[in-house]
Amino acid sequence: MNRLTTPWGELALTRFPEDPRDQLRAWDAADEYLLRHLADEGTDLSGSLVVLGDRWGALTASLAGHGPVQLTDSYLGRRATEANLARTGADTSAVTLRTVRDEPPGRIDVLLVRVPKSLALLEDQLHRLAPAIHPGTVVVGAGMVDEIHTSTLRLFERLVGPTRTSLAVRKARLIFCTPDPAPARSPSPWPLRYALPGDIGAMAGRTVTNHAGVFCADRLDIGTRFFLGTLPAPRGAVDVVDLGCGNGVVGTAVAVASPDASVTFVDESYSAVASARETYRDNVPDGVGRAAFAVGDGLTGLPDGSADLVLCNPPFHSHRATTDATARRMFGDARRVLRPGGELWVVGNRHLGYHVRLRRIFGGCETVAGHPKFVVLRAVAPAPAPSAGRRSRTGTR
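Letter by letter, the sequence shown follows residues 1 to 397 in this note's numbering.
Please keep in mind that the hints were generated in silico from the structure rather than gathered at the bench. There may be inaccurate statements among the hints.
[Stated by the list, open to error] Straight-line distance between alpha carbons at most 20 Å, and here's what the computed EDC-like set of lysine to aspartate or glutamate pairs gives:
(1) LYS117 / ASP218
(2) LYS117 / ASP199
(3) LYS171 / ASP146
(4) LYS171 / GLU147
(5) LYS373 / ASP146
(6) LYS373 / ASP282
(7) LYS373 / ASP199
(8) LYS117 / GLU147
(9) LYS117 / ASP324
[Stated by the list, open to error] Restraint ranges, calculated between C-beta atoms of paired labels, are given here:
(10) ASP286 / GLU366: 19 to 27 Å
(11) THR92 / LYS171: 42 to 50 Å
(12) CYS216 / ALA182: 40 to 48 Å
(13) SER306 / ARG164: 37 to 45 Å
(14) ASP19 / GLY67: 29 to 37 Å
(15) ARG98 / ASP286: 27 to 35 Å
(16) PRO135 / SER93: 26 to 34 Å
(17) ASP22 / CYS216: 24 to 32 Å
(18) PRO131 / PRO372: 54 to 62 Å
(19) ASP22 / ASP286: 13 to 21 Å
(20) VAL380 / HIS351: 19 to 27 Å
(21) LEU167 / SER93: 33 to 41 Å
(22) VAL380 / ARG98: 35 to 43 Å
Model, not experiment: these values are computed from the prediction. Built from N, CA and C at the ideal position, the CB exists for glycine as well.
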């Protein structure tokens, strides 16, 4: 746990899920710069305050006394915010937590934007929030220098109004935007729909839906494309999980090829699960198969031994940090929810060495298919060890 010093006090903050071994902080220099700017400028925070893209709740927790509305696409970020608000003793009744898929506020007097990695998500949210912005709205963005590009500034300029940036401080920068009463805005392009190529198995030529912020929202990434060409086609009424489902193309491919299967789509992104729901709806006829959709922390909501097949393309970034922590948790979750003999299929970059981790968790794994950049791995959940005091099949005790 680390402590963030702000003009409103010192806060103990963590990411979610909390891991004592994790040395990554729940804030960075951009958060500190933004908070210090608000205090130095004496920004009036008494009106409607909206915080967009707060990664782990550092901004929301720091400004809790001003009744902020937080908008996030991340379930983990929302849980971190809840935990950090509770830890700091803030009046949580004064804070409103919403997702980017919820109805936006009707009026915004101060808009604080933590610039996301996805420019598409920023574009979509500025489109959604623009009607609530008025000429007197204070709009301030924040990000690390390598997160703010010319395209970022152009987006603020086009959808909100004249835009400028601050000097860089500790590799962080602020964006100042003056709302234009009548900017010329084109309709939002999101969600985006496109037809898949014709050589990827069950989903060949079909259409996927991508809400803004979903990984590779404007095209099929080469890792998923490779994975789609290797997927198993289970028979019968099997229970399948698309873990980290993104736009749902992988789980939907199984549902199309195996109409008796029950598929659960899970992701920590609200936009991803919304995309998966629409991709499934558009490609699987009513009355064929069964599907469930869940925004959550991996497979924590699924009971032990409830799945026959888990499919996973794990991320290896947590915002700016490169880490295999998410993949480790996904593999452990899969081992728990798989029935004996159930299978986890993983696609990943070769250099990540997932086979080592899978062998530790499952006792072994095999390579299903190889690619110059990617590899598809298969791990099988072993049968439970014999209970103490009961005779095993070998006759030993």
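Do the hints match the structure? See the list:
Simply put, LYS117 and ASP218 have alpha-carbon atoms about 15 Å apart, close enough for the 20 Å limit, and the pair holds. Among the hinted pairs, LYS117 with ASP199 is inconsistent with the structure: their alpha-carbon atoms are about 31 Å apart, more than 20 Å. Among the hinted pairs, LYS171 with ASP146 is consistent with the structure: their alpha-carbon atoms are about 8 Å apart, no more than 20 Å. Between LYS171 and GLU147, the direct Cα distance comes to roughly 10 Å. Compliance with the 20 Å bound is thereby established for this hinted pair.
With a C-alpha separation of about 26 Å, the suggested pairing of LYS373 with ASP146 is violated against the 20 Å cut-off. The straight-line distance between the Cα atoms of LYS373 and ASP282 is roughly 31 Å, outside the 20 Å bound, and the hint therefore fails. With a CA separation close to 19 Å, the supplied pair LYS373 and ASP199 stays within the 20 Å bound. Our distance criterion of 20 Å between C-alpha atoms is met by LYS117 and GLU147, whose separation comes to about 7 Å.
For the proposed pair LYS117 and ASP324, the alpha carbon gap of about 18 Å is at most 20 Å, so the pair holds. Distance hint check for ASP286 and GLU366: the Cβ-Cβ separation is about 37 Å, which falls outside the suggested range of 19 to 27 Å. Hint check: THR92 to LYS171, Cβ distance near 33 Å, so the stated range 42 to 50 Å is violated. Restraint check, CYS216 to ALA182: a C-beta distance of roughly 35 Å breaks the suggested window 40 to 48 Å.
SER306 and ARG164 have their C-beta atoms about 53 Å apart, which leaves the hinted 37 to 45 Å range violated. At roughly 31 Å, the beta carbons of ASP19 and GLY67 sit within the given window of 29 to 37 Å. In this structure, ARG98 and ASP286 meet the distance hint of 27 to 35 Å, their C-beta atoms being roughly 31 Å apart. One distance hint, 26 to 34 Å for the beta-carbon pair PRO135 and SER93, holds here, with the actual separation near 31 Å.
Restraint check, ASP22 to CYS216: a C-beta distance of roughly 27 Å satisfies the suggested window 24 to 32 Å. Range check, PRO131 to PRO372: Cβ separation about 48 Å, and the 54 to 62 Å hint is violated. The hint said 13 to 21 Å for the Cβ distance between ASP22 and ASP286, and at roughly 44 Å that hint is violated. Take VAL380 and HIS351: their Cβ atoms lie about 24 Å apart, and the range 19 to 27 Å holds.
One distance hint, 33 to 41 Å for the beta-carbon pair LEU167 and SER93, holds here, with the actual separation near 38 Å. The hinted range of 35 to 43 Å is satisfied by VAL380 and ARG98, whose Cβ atoms lie roughly 41 Å apart.
Violated hints for the displayed structure, listed by number in ascending order: 2, 5, 6, 10, 11, 12, 13, 18 and 19.
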